[in-house]
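Work the whole structure out from these sequences, hints included.
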Amino acid sequence: MGNRARVLLSLKALHEGRLGDCRVVAEDGRAIRCSSRVLQARWAWYKNRLGTSSDTIYISESYPIVMAFLEYLYTLDLATALQHRIPVLSGLLMLAKQYGITHLEALAVHALHGRLEESTALGIYEVATLCECSSLQVRALKMVLVSLGREDVLE
Numbered sequence: 672m673g674n675r676a677r678v679l680l681s682l683k684a685l686h687e688g689r690l691g692d693c694r695v696v697a698e699d700g701r702a703i704r705c706s707s708r709v710l711q712a713r714w715a716w717y718k719n720r721l722g723t724s725s726d727t728i729y730i731s732e733s734y735p736i737v738m739a740f741l742e743y744l745y746t747l748d749l750a751t752a753l754q755h756r757i758p759v760l761s762g763l764l765m766l767a768k769q770y771g772i773t774h775l776e777a778l779a780v781h782a783l784h785g786r787l788e789e790s791t792a793l794g795i796y797e798v799a800t801l802c803e804c805s806s807l808q809v810r811a812l813k814m815v816l817v818s819l820g821r822e823d824v825l826e
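In our numbering, the protein residues as written are 672 to 826.
It should be emphasised that the hints constitute simulated quantities derived from the structure, not laboratory data. A portion of the hints provided could be inaccurate.
For lysine-lysine, the following DSS-like pairs were computed, each having C-alpha atoms within a straight-line distance of at most 25 angstroms [claimed, not checked]:
| id | residue 1 | residue 2 |
| --- | --- | --- |
| 1 | K813 | K768 |
| 2 | K683 | K718 |
| 3 | K768 | K718 |
None of the values given here were measured: they were computed from a predicted structure.
In structure tokens:
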């Protein structure tokens, strides 16, 4: 089975809730059923919490960010349109830093570099600063300064 087919099958399993024996709840209270086996295999934080009796995990992020995070865990890729929205990418970068998921961090930073333009530079600069992603922070700051007509600061 090719990678694309594997991604689609994984996303289908998540969205249909197949094999869903646990719930991940977003800050608005909406829950997503998912497989604890997938979470255990791909999320060290989840694996390290084994032994707790709860089958429910609460993540203090919006539903779209939580869904995009689970899509990543199921596919180990940023393969959906949802995952490529700038606010969602920013949230994924924050979660990657919080949970120490370096692969997700690299994917999110790369995607944010690709989405960097004048209209998005300030927001990307903010999340890059919070997450200590210096190369993204520097590129975004340069774009902010250029958009403000402050190229002189760059010299």
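Against the structure, the hints come out as follows:
1. Simply put, K813 and K768 have alpha-carbon atoms about 24 angstroms apart, close enough for the 25 angstroms limit, and the pair holds.
2. Pair hint K683 plus K718 holds up; C-alpha atoms about 23 angstroms apart against a cutoff of 25 angstroms.
3. Proposed proximity of K768 and K718 is supported: the alpha carbons are some 17 angstroms apart, at most 25 angstroms.
Against the hints set out earlier in the document, no violation occurs for any number.
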